[in-house]
Amino acid sequence: MKYNKHSRYRKVENKRGQENLAPALYAVVAIVVVLLASWGIFQFYKSKSSASQADFIVFSNSLNNYLKTYSSQFGNVENVNLALPERTDNVCIIDRSEEFNEFLDAQLAVAASKFQDMNVFVRNNGEYIPLKVDNLKLSKNNNPFCIKAAANNIKLNLENKGEYKSISIPSNEQKSSEDCTVIIYNGEPSKKLDFTFVASNYGNIQDFKNDAEKYIDVLRNNEPFKSDFEKFNFYMIDGTTSIKCTEDQLINCNSEEFKIHELASKCPNDITLLLHKNFGVISPVRSSSVSNMNMIKISSSPVEDNSVILHELGHMIGHLADEYVDNAYYQNVNFKPDTYPNCDYSPCPKWSVVGCYEGCSLGNYYRPTEDSIMNHLSDLNYGPVNEKAMNDNLGVYQ
Amino acid sequence: MKTNNKIWMSILFVIFATFISIIVFATPSTVRVINFHYENINGKEIVAVTNSGTVLGYYPDYNFQPDHGYMLKIVDNSNNALFSVKMPPPSEIYVHEYNGKNITGGLVILNQTDFSMVLPTFQNESKIVILNSNNQNVMDYTIPEQKTQESGKTSVPFGLIIAFVLILAVFVLASRLRKKKKEIR
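So the protein sequences, as listed, match chains A and B.
According to the working numbering, the first sequence is numbered sequentially starting from 2.
According to the working numbering, the second sequence is numbered sequentially starting from 73.
What the hints contain is simulated information worked out from the structure, not anything from laboratory work.
Ideal Cβ positions, reconstructed from N, Cα and C, are used throughout, including at glycine.
Each hint should be verified, as a subset may be incorrect.
20 Å max Cα-Cα, derived EDC-like pairs, lysine to aspartate or glutamate [stated by the list, open to error]:
#1 B:Lys199 to B:Asp212
#2 A:Lys138 to A:Glu100
#3 B:Lys173 to A:Glu224
#4 A:Lys232 to B:Asp133
#5 A:Lys337 to B:Asp139
#6 A:Lys337 to A:Glu359
#7 A:Lys278 to B:Glu169
#8 A:Lys337 to B:Glu164
#9 A:Lys69 to A:Glu164
#10 A:Lys260 to B:Asp186
#11 A:Lys245 to A:Glu179
#12 A:Lys351 to B:Asp139
#13 A:Lys156 to A:Asp90
#14 B:Lys173 to A:Asp327
#15 B:Lys158 to B:Glu111
#16 A:Lys389 to B:Asp139
#17 A:Lys245 to B:Asp186
#18 A:Lys133 to A:Glu164
#19 A:Lys193 to B:Asp133
#20 A:Lys192 to B:Asp133
Facing chain A, according to a computed beta carbon distance under 10 Å, are these residues of chain B, among others [said to hold, decoys possible]:
#21 Asn107
#22 Tyr130
#23 Phe136
#24 Pro160
#25 Ile165
#26 Val190
Over the 12 Å line for every Cβ pair with chain B, so calculated as not near, a few chain A residues [unchecked claim]:
#27 Asn65
#28 Val81
#29 Asn143
#30 Asn144
#31 Asn205
#32 Glu388
Bound-form chain A, shown alone (with noise of 0.2 Å):
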């Protein structure tokens, strides 16, 4: 009697327990199930990567291989094409035994800083890739050396030099633009002016690169830059189609601000100087300096004079107003000399030394000398009140 009481007893039981572990088993069966399909996913994605990672070893080793040189092939060019990874749009290659121009790529430098050992860089999926490649030889002025990749691919012309193979792009390959080119170097980014030029409305790369050196030359050959010369860095942004400015009363990038600054900032950038093609002989020459403080918009034309950067390089760099006089741009400004180095009431106690002359942006403020770049471009002297300006805030370079 009482073994059935406890056998019926255990059966209750018994199928109570049952009814609790059904729902658990379920989860857990439906946890294991989930997990091991996404563990099989996470294995296929994973067989993807290493099949990726192998496409870099096959490109390195076949780049590797073509760079090898045999003296009977002396002044024999390849044409070669090389696969790459999928999701590739960039090679860099990196010349070690000899300087290489840290400012083409800011995300190269970072990569090349960080694998110091490596000479061969890819950019998939946004980053770059290290790789080692042996018997590489680069020119000092194509150092590094990037293509862009088409179809994940690359063509190369490799030329038989003897002891290296020289590397060039085939004419109809694109080479990778819109990096930072060193121009001038003097030094270390953080102790020199810093300038980048920018294209706008450029056809021709070279038309850009030679409308620069011009403005430099200016700059190295007018004091206060001229004894300093050392104290400042150039580059440019190495591109000459995405900036399209436009040109009416002022030379208007508004749609276009954002790309510039991003283009620039490629480049160590304290002042962006903005050059802008002007094609037309008849329309005036026009120039700006914008008020964000360190871009400077020059419209190159025909008829351009150059020394018109030492001007709007005195509004920037000394606060330096306009020295001529143009009553129906200033009058409705409010314009007032106190916050200005070279404007002043009569008898001009600002500088007391120099002259007291009539005329500063309106009739009735004084200048310090009869002519100089503020007031006209003839005059490429800045005189001695506007050049203590320049140099007190140029002084914080070395």
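Mind docking chain B on chain A? Use the hints.
Chain B in isolation, oriented as in the chain A frame:
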């Protein structure tokens, strides 16, 4: 002996600090390129962010700051300034026309304009604030939080998570079974 240790520690510190400073100056950093729209509506100045993004690059040293003008500040959660720069009002631009040796034009005050800047970034940055020449706040922009990890990348080995969950599931199942067995007895 203790003094020697101190000297060595100081030397190591100086070497380390120099090394770190070289790295900081030699390599580019993450910078914020930011585009603003300025508008003056009936004397009230408003500045708004229209585009912003971070890239690896360089920001200007902003050494030519005027005595008076606008002030841009990057602040942290407690409103402590991490970076500040004084600049001329964005509405003021110099427009010059020149033909031959004569130059005309001058200072122009615009009602509205767009302007961009390249700014440094900080780990604990919270807002970008702009004050006008009268020290009035004309813009308060909350910096969107940066994703610390790129999407699609697993931070902890996936296999470990699976193993952990499986062990947990087995443990739960085993304890249930043990409980059931006890009840049966």
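Inset, instruction - Determine which of the earlier numbered hints do not hold for this structure and return their numbers in increasing order. - result: Checked against the structure, no hint fails, so every one of them is satisfied.
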